[in-house]
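Undergrad: Next come the chains, spelled out residue by residue.
2 protein chains.
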Amino acid sequence: MKLTQTVQKGGCAAKVAATELRKILSQVRFPKSDPNLLVDGGLFDDAAIYKVSSDLALVQTLDFFTPIVDTPKLFGRIAAANSLSDVYAMGGEPKTAMAILAFPLATLENQVCIDVLQGASDVMSEAQVNFVGGHSIDDDTLKFGLSVTGYVHPDHVWSNAKAQVGDVLILTKPLGTGTVTAALKRQELSENEMEEVLNSMAQCNRVLDLLTPEEALGIHAATDITGFGLAGHSMQMAKASEKTLRFEMKKLPQFALAQVCLEKKCLTKAHRTNAEYTQNFLKVQSESENDRLILFDPQTSGGLLLSVAPEMAEAILRKLNKRFSRATQVGVVQPRSDFFAIID
Amino acid sequence: MKLTQTVQKGGCAAKVAATELRKILSQVRFPKSDPNLLVDGGLFDDAAIYKVSSDLALVQTLDFFTPIVDTPKLFGRIAAANSLSDVYAMGGEPKTAMAILAFPLATLENQVCIDVLQGASDVMSEAQVNFVGGHSIDDDTLKFGLSVTGYVHPDHVWSNAKAQVGDVLILTKPLGTGTVTAALKRQELSENEMEEVLNSMAQCNRVLDLLTPEEALGIHAATDITGFGLAGHSMQMAKASEKTLRFEMKKLPQFALAQVCLEKKCLTKAHRTNAEYTQNFLKVQSESENDRLILFDPQTSGGLLLSVAPEMAEAILRKLNKRFSRATQVGVVQPRSDFFAIID
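Protein sequences, first through last, are from chains A and B. Residues 8 to 351 in the numbering used here are what the first sequence lists, from first letter to last. Residues 8 to 351 in the numbering used here are what the second sequence lists, from first letter to last.
Hints are supplied without guarantee of correctness; some may be wrong.
Stated by the list, open to error - Some chain B residues flagged as far from chain A (calculated, every beta-carbon gap over 10 Å):
hint, residue
1, L69
2, K329
3, R330
4, Q336
5, F346
Said to hold, decoys possible - Here are the simulated lysine-lysine pairs, DSSO-like style, with alpha carbons at most 30 Å apart:
hint, chain 1, residue 1, chain 2, residue 2
6, B, K39, A, K58
7, B, K326, A, K39
8, A, K326, A, K246
9, B, K80, A, K39
10, A, K30, B, K9
11, A, K39, B, K39
12, B, K329, A, K16
13, B, K58, A, K58
14, B, K329, A, K39
15, B, K39, A, K80
Because the hints were derived from the structure by calculation, they are not lab data. The model shown is predicted, which means the values in this text are computed figures rather than measured ones. Built from N, CA and C at the ideal position, the CB exists for glycine as well.
Just chain A, with the same shape it has in the complex (with noise of 0.2 Å):
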């Protein structure tokens, strides 16, 4: 029984799309917030910010997704690890977790379920977040995923909206995950022969335990690289921080398979819909049409994206490899200019 077989869209592509989704929001009226809500989860994606006191807020947010890979475990250890990056993102440290699950108890053995909350309980274990509870149901398509509350200092928080000129890109895992899990999903190669990019998902975005108070000031902004690709959240980062995100194409980390599957088509609809989020907005001097599709290949559990102070840029990157050992600089801040993203 492989889990993708399961499912029609896997991970993130069976979100709701953002253009679809804005659609419906614009017609909803929302609460109003209260004064301490510092940051809104707006697009129905981000971590919320809510402060409980001048030295503390919490740091809030909700995935779950259908299965990305066949191995029930490895799905799990995937979806936290995904839910956790959100807290992390925010330059915050996740707390608790609740677990929301939607299991079909007719057709999947209850193992499968077993093996699924075990590996996101050893992510949990690991980024020492207390499970506190969730909520299952019986449904027709297996979905994992996290609501995750952390903690973050109000005046720390690395927001989209920080990104300085001058400041260094540092990417912390290669890109690549869409179109390799696409190639998965179509039975074009196995696990066995995408353990790193399997390795890579299943990995938390942890940073701030790796860096001295200082280092961690040294991030102005940062951002964590998912459904839309790292043009469209290069492209969110630019437009909040009123800056230009300027990358180069060879720098950026890929896995090696991503390549290989994306010669092979292995494309999802995602790799169109992020190419249209940004065409106004982006420059690519490439002529390759792979080196445009790593752009858009959507991620799930991907890297983060951290804007950071220059002259902190290399000590901060080489604490960074200690766990991300492909983590890389792969771009700089400048003044805004007609384009949000430039990649040369």
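Use these hints to put chain B onto chain A, whose structure you have.
TA: Positioned in the frame of chain A, the structure of chain B alone reads:
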């Protein structure tokens, strides 16, 4: 288009059964909790309590389900009220909520989604809760709910474990949502005919703002009556408190339609599983089958069962009746006997 006809199992009936879930969870090695986790979410069901400081703890809960009524806005209201209820049942005040939305884009119009979100937003506005984000997925059947975080003083948690001998038991809403919504799903009655039941399910279990701080301290224990019915949730409170709850059958408030629908044998699987769950711990004097069934009737967004200091019960009930017209004294707490609950 009737929402209840788009799903096989409505509301809490779609839950993974408690016995099944317990079997699964017993085989998972969960992460170690830190000492701030005062109350564990345990069986995936109740709210967890996580201590932030000596005078503040977080109450966290998560709930979502399939449509239990046909009108989308009403479904959104009921789902939101139901999710918030677990925070109220711990003596907490909800502060933030994130949406869990599974929506069949191919088969339902966007307006359905807008209405569900609007219903939920209206309840959050009334409850003064911040809507801070969420996650949506394209799925075969509609599911909706909230992940809620509230505040509570760590010393004033209304746990299940603190019912005291002599306490008066107050139930804030009538019983019978299970059988009445089963009748709706079988199309044996219309939403117009069940207005009393719909209004009750759509009402928040917010009680603290009706009471003085002194009266609030007079509430020793509380639980909300949901999927396990009055029998199941009473048993859980009695067990945790090591007491016996003694009810008077004729005092239990019921919707006028409840007996009508039970007569028509509008039952759910939970009527049977709740009977099984409680059979060794429950003593029912009545010989009437329908009297028994109402005790096992699974509630969606049911009332709070409050265990109240006897000298304050009348004053508290008077205040509750301003908002909950059918709130009633239904029994008393006695020393533990052979049964956890006795219904005279």
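Undergrad: So, for every hint listed, does it hold in this structure?
TA: Hint-by-hint comparison with the structure:
With a closest Cβ-Cβ approach of about 4 Å to chain A, B/L69 is found to fall inside the 10 Å limit, against its non-interface label. The beta carbon of B/K329 sits about 23 Å from the closest Cβ of chain A, which is more than 10 Å, so the claim that it is off the interface holds. Residue placement check: B/R330 keeps its beta carbon more than 10 Å from all beta carbons of chain A (closest about 19 Å). Non-interface call for B/Q336 relative to chain A: holds, since the shortest CB-CB distance, roughly 31 Å, exceeds 10 Å.
No beta-carbon of chain A comes within 10 Å of the beta-carbon of B/F346; the shortest separation is about 29 Å. This hinted pair checks out: B/K39 and A/K58 have alpha carbons roughly 27 Å apart, not beyond 30 Å. For a cut-off of 30 Å, the pair hint linking B/K326 to A/K39 stands: about 28 Å separates their Cα positions. For the given pair, A/K326 sits about 29 Å from A/K246 by alpha-carbon distance, which is consistent with the 30 Å threshold.
Using a Cα cut-off of 30 Å, the hinted pair B/K80 and A/K39 holds, with the two alpha carbons roughly 19 Å apart. The suggested pairing of A/K30 with B/K9 holds, with an alpha-carbon distance near 23 Å, which does not exceed 30 Å. For the suggested pair A/K39 and B/K39, the alpha carbons sit about 37 Å apart, so the restraint of at most 30 Å is broken. In summary, the hint linking B/K329 to A/K16 is not supported, as the alpha carbons are separated by about 50 Å, beyond the 30 Å threshold.
Annotation: proposed proximity of B/K58 to A/K58 holds, straight-line Cα distance about 16 Å (limit 30 Å). For the hint pairing B/K329 with A/K39, the CA-to-CA distance comes to about 26 Å; that is within 30 Å, so the pair holds. The hinted pair formed by B/K39 and A/K80 meets the criterion: a straight-line CA distance of about 19 Å does not exceed 30 Å.
Comparing the model with each numbered hint stated earlier shows that hints 1, 11, 12 do not hold.
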